[in-house]
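Asks: Single-letter residue listing:
Number of protein chains: 2
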Amino acid sequence: MNPKLQWLRNKMNSLDLQGMIISNPTNIRYLTNINAEGILLLTRKENIYITDGRYIEHVHSILTINDEIIVYDINDVSRDDYENFFMFCENVGFEENFVTYAKYKEYIRKYKINNFVETENIIEKQRMIKDEEEIHSINKACNITDECFHHMLEYIKPGMTEKQIAKEIEEYYNERAEGIAFEIIVASGENSSKPHAVPTDRKIQKEDIIIIDMGCKVNGYCSDMTRTIFVGKVPEEIKPIYDLVLKNQLQVLEDYKDGASARQISKMAGKYGVRIEDTVQITKFGCIKLTNSEKNYTII
Amino acid sequence: MNPKLQWLRNKMNSLDLQGMIISNPTNIRYLTNINAEGILLLTRKENIYITDGRYIEHVHSILTINDEIIVYDINDVSRDDYENFFMFCENVGFEENFVTYAKYKEYIRKYKINNFVETENIIEKQRMIKDEEEIHSINKACNITDECFHHMLEYIKPGMTEKQIAKEIEEYYNERAEGIAFEIIVASGENSSKPHAVPTDRKIQKEDIIIIDMGCKVNGYCSDMTRTIFVGKVPEEIKPIYDLVLKNQLQVLEDYKDGASARQISKMAGKYGVRIEDTVQITKFGCIKLTNSEKNYTII
Numbered sequence: 001m002n003p004k005l006q007w008l009r010n011k012m013n014s015l016d017l018q019g020m021i022i023s024n025p026t027n028i029r030y031l032t033n034i035n036a037e038g039i040l041l042l043t044r045k046e047n048i049y050i051t052d053g054r055y056i057e058h059v060h061s062i063l064t065i066n067d068e069i070i071v072y073d074i075n076d077v078s079r080d081d082y083e084n085f086f087m088f089c090e091n092v093g094f095e096e097n098f099v100t101y102a103k104y105k106e107y108i109r110k111y112k113i114n115n116f117v118e119t120e121n122i123i124e125k126q127r128m129i130k131d132e133e134e135i136h137s138i139n140k141a142c143n144i145t146d147e148c149f150h151h152m153l154e155y156i157k158p159g160m161t162e163k164q165i166a167k168e169i170e171e172y173y174n175e176r177a178e179g180i181a182f183e184i185i186v187a188s189g190e191n192s193s194k195p196h197a198v199p200t201d202r203k204i205q206k207e208d209i210i211i212i213d214m215g216c217k218v219n220g221y222c223s224d225m226t227r228t229i230f231v232g233k234v235p236e237e238i239k240p241i242y243d244l245v246l247k248n249q250l251q252v253l254e255d256y257k258d259g260a261s262a263r264q265i266s267k268m269a270g271k272y273g274v275r276i277e278d279t280v281q282i283t284k285f286g287c288i289k290l291t292n293s294e295k296n297y298t299i300i
Numbered sequence: 001m002n003p004k005l006q007w008l009r010n011k012m013n014s015l016d017l018q019g020m021i022i023s024n025p026t027n028i029r030y031l032t033n034i035n036a037e038g039i040l041l042l043t044r045k046e047n048i049y050i051t052d053g054r055y056i057e058h059v060h061s062i063l064t065i066n067d068e069i070i071v072y073d074i075n076d077v078s079r080d081d082y083e084n085f086f087m088f089c090e091n092v093g094f095e096e097n098f099v100t101y102a103k104y105k106e107y108i109r110k111y112k113i114n115n116f117v118e119t120e121n122i123i124e125k126q127r128m129i130k131d132e133e134e135i136h137s138i139n140k141a142c143n144i145t146d147e148c149f150h151h152m153l154e155y156i157k158p159g160m161t162e163k164q165i166a167k168e169i170e171e172y173y174n175e176r177a178e179g180i181a182f183e184i185i186v187a188s189g190e191n192s193s194k195p196h197a198v199p200t201d202r203k204i205q206k207e208d209i210i211i212i213d214m215g216c217k218v219n220g221y222c223s224d225m226t227r228t229i230f231v232g233k234v235p236e237e238i239k240p241i242y243d244l245v246l247k248n249q250l251q252v253l254e255d256y257k258d259g260a261s262a263r264q265i266s267k268m269a270g271k272y273g274v275r276i277e278d279t280v281q282i283t284k285f286g287c288i289k290l291t292n293s294e295k296n297y298t299i300i
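Chains as they are written, first to last, in this note's numbering: chain A, 1 to 300; chain B, 1 to 300.
One or more of the hints may lead you astray.
Among the chain A residues that face chain B by a calculated CB cut under 8 Å, a handful are [what the hints assert, rightly or not]:
1) 101
2) 104
3) 174
DSS-like cross-link-like pairs, simulated, lysine-lysine; straight-line CA separation at most 25 Å [said to hold, decoys possible]:
4) A:105 <-> B:105
5) A:112 <-> B:110
6) B:105 <-> A:167
7) A:217 <-> B:163
8) A:105 <-> B:194
9) A:167 <-> B:167
10) B:217 <-> A:167
11) A:103 <-> B:110
12) A:110 <-> B:105
13) B:140 <-> A:163
14) A:125 <-> B:103
15) B:11 <-> A:217
16) B:206 <-> A:105
17) B:217 <-> A:105
18) A:112 <-> B:105
19) B:125 <-> A:103
20) A:203 <-> B:217
21) B:194 <-> B:167
22) A:217 <-> B:203
23) A:167 <-> B:140
24) A:105 <-> B:125
25) B:295 <-> A:163
26) A:140 <-> B:163
27) B:206 <-> B:194
28) A:103 <-> B:105
29) A:110 <-> B:4
Since the hints were derived computationally from the structure, they do not count as laboratory data.
Note that the Cβ used here is the ideal one computed from N, Cα and C, for glycine as well.
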């Protein structure tokens with residue numbers, strides 16, 4: 001069996017879980033590498049993936065015999081099959097944070113499950129611990145983000161709109177990665193105080209402050225970086241705020257290590273219109289910065 | 001009260017629903033024009049929208065006194081407030097197809113609701129009936145799609161990749177609309193038989209068949225159109241299939257009117273690798289086509 005499915009089987013054993021329905025596509029991709037629409041069933045004896053005709057070919061191209069996953073076309077699964085999958089399971093776990101209430105009720109009806117158990121994000125928690133291959137993908141996404149930011153420092157000129165700048169970032173990512181990881185934020189001047197501003201037609205002006213929040217995807221893994229940059233000069237009244245935010249951010253990176261309380265630490269940073277954000281790898285011995293763009297006053 | 005909220009209040013009356021929690025942002029935008037993260041509560045006496053500091057300014061810029069919606073910052077809502085909102089409601093509706101099982105349990109705890117009622121997509125059903133303003137937005141999105149398709153017929157040349165073509169469509173939409181309505185499909189040659197193919201690096205060749213599924217957004221409303229086009233000439237063996245699909249599609253448009261069973265009709269179309277799809281307005285008297293690009297053999 002593939003190691004991630006084996007891990008989940010062991011975890012289920014330790015929780016006395018006899019079956020599990022996995023419907024979150026991100027979790028399915030994590031466990032199986034399958035990037036499709038479908039559902040993964042871990043029954044007492046089998047791992048079953050049910051999908052439809054659109055994806056059968058793709059799924060078979062991904063899986064090998066070592067995965068030990070049986071693939072069904074949804075059109076070939078009868079009502080009896082559904083009722084049999086978990087017949088000898090005393091309980092079946094499901095993803096209570098992904099499955100809607102309506103789906104939950106449908107599952108009970110379809111699989112004839114009496115004892116549905118919340119799994120409290122066991123897969124999500126495991127996903128936080130990245131293996132080398134995953135770190136490699138995140139690192140690649142971070143490198144592309146650093147290069148893109150470097151490119152943007154040359155590219156951005158007064159008179160351009162926020163939308164134009166966001167579009168250039170998007171195209172850069174489309175060409176070099178699997179596109180954006182989230183909607184890019186470019187917030188300038190008075191917009192910079194709105195943490196989730198959508199890029200507008202506002203034109204960049206002299207002495208503007210510009211916040212850029214950007215990230216891309218590589219093999220489904222994301223980078224995420226924010227920088228605050230200045231047009232022409234750094235306004236005197238901003239300097240103490242910028243210095244404080246940067247100092248806090250550096251302190252946070254210093255303090256973060258495996259086991260430290262994330263909530264406690266992040267309370268201190270992000271408090272102002274100025275924003276600085278990095279993607280980091282947290283190890284037992286501290287942080288490894290994966291995004292490395294300039295953080296001192298950056299003037300364009 | 002704004003007419004859509006008033007409609008929902010009337011609907012709730014007719015269903016003997018005394019309160020309702022609306023969490024699906026698309027439904028909230030439909031009812032209130034608010035495009036943000038938050039939750040809408042219809043209590044016995046008030047319409048309440050709870051959001052956070054990021055959106056307060058935006059929300060106040062959207063709402064007028066006539067909307068009769070009270071806006072709360074989530075930080076100002078106490079545990080007691082949550083318990084009081086639905087205190088005198090004998091039942092409270094919720095969106096069982098949007099709310100996860102975990103959220104459902106959280107709502108029960110937080111609002112102290114004993115009698116939660118499934119609302120069976122009442123808002124979604126109402127959203128299917130479009131008013132003039134909504135039709136205007138959809139029509140605009142359709143016009144832009146027709147123009148874009150026209151542009152693409154000039155643009156596409158053998159040697160270009162599917163990705164390049166998809167990107168051009170995306171940029172066209174970014175400049176003239178609110179961007180794409182969904183991931184654009186460009187499927188050529190052997191890829192054309194996969195209904196949901198992601199654009200690849202495959203280069204367009206002579207005598208290729210190309211399926212393009214495209215749509216954009218205007219004011220949050222979408223167009224959706226598919227055309228099958230040919231490079232150089234229409235292969236003889238494809239002609240009978242194309243003719244059949246087109247004939248079926250035209251028949252479907254002929255038969256569709258308000259009240260006709262959508263499932264029955266759509267069974268007939270889409271059956272082959274050839275695909276033709278339009279956005280239409282369904283009235284009592286039949287269909288009004290909103291996308292109008294050429295459907296006879298189109299050769300580039």
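Asks: Would you mind marking each hint as holding or not holding in the structure?
Replies: Taking the hints in turn, this is what the structure says about them:
no., hint, in the structure
1, 101, "4 Å, holds"
2, 104, "5 Å, holds"
3, 174, "6 Å, holds"
4, A:105 <-> B:105, "14 Å, holds"
5, A:112 <-> B:110, "30 Å, violated"
6, B:105 <-> A:167, "41 Å, violated"
7, A:217 <-> B:163, "17 Å, holds"
8, A:105 <-> B:194, "32 Å, violated"
9, A:167 <-> B:167, "12 Å, holds"
10, B:217 <-> A:167, "17 Å, holds"
11, A:103 <-> B:110, "22 Å, holds"
12, A:110 <-> B:105, "22 Å, holds"
13, B:140 <-> A:163, "21 Å, holds"
14, A:125 <-> B:103, "19 Å, holds"
15, B:11 <-> A:217, "44 Å, violated"
16, B:206 <-> A:105, "51 Å, violated"
17, B:217 <-> A:105, "34 Å, violated"
18, A:112 <-> B:105, "22 Å, holds"
19, B:125 <-> A:103, "19 Å, holds"
20, A:203 <-> B:217, "24 Å, holds"
21, B:194 <-> B:167, "20 Å, holds"
22, A:217 <-> B:203, "24 Å, holds"
23, A:167 <-> B:140, "23 Å, holds"
24, A:105 <-> B:125, "21 Å, holds"
25, B:295 <-> A:163, "35 Å, violated"
26, A:140 <-> B:163, "22 Å, holds"
27, B:206 <-> B:194, "20 Å, holds"
28, A:103 <-> B:105, "15 Å, holds"
29, A:110 <-> B:4, "36 Å, violated"
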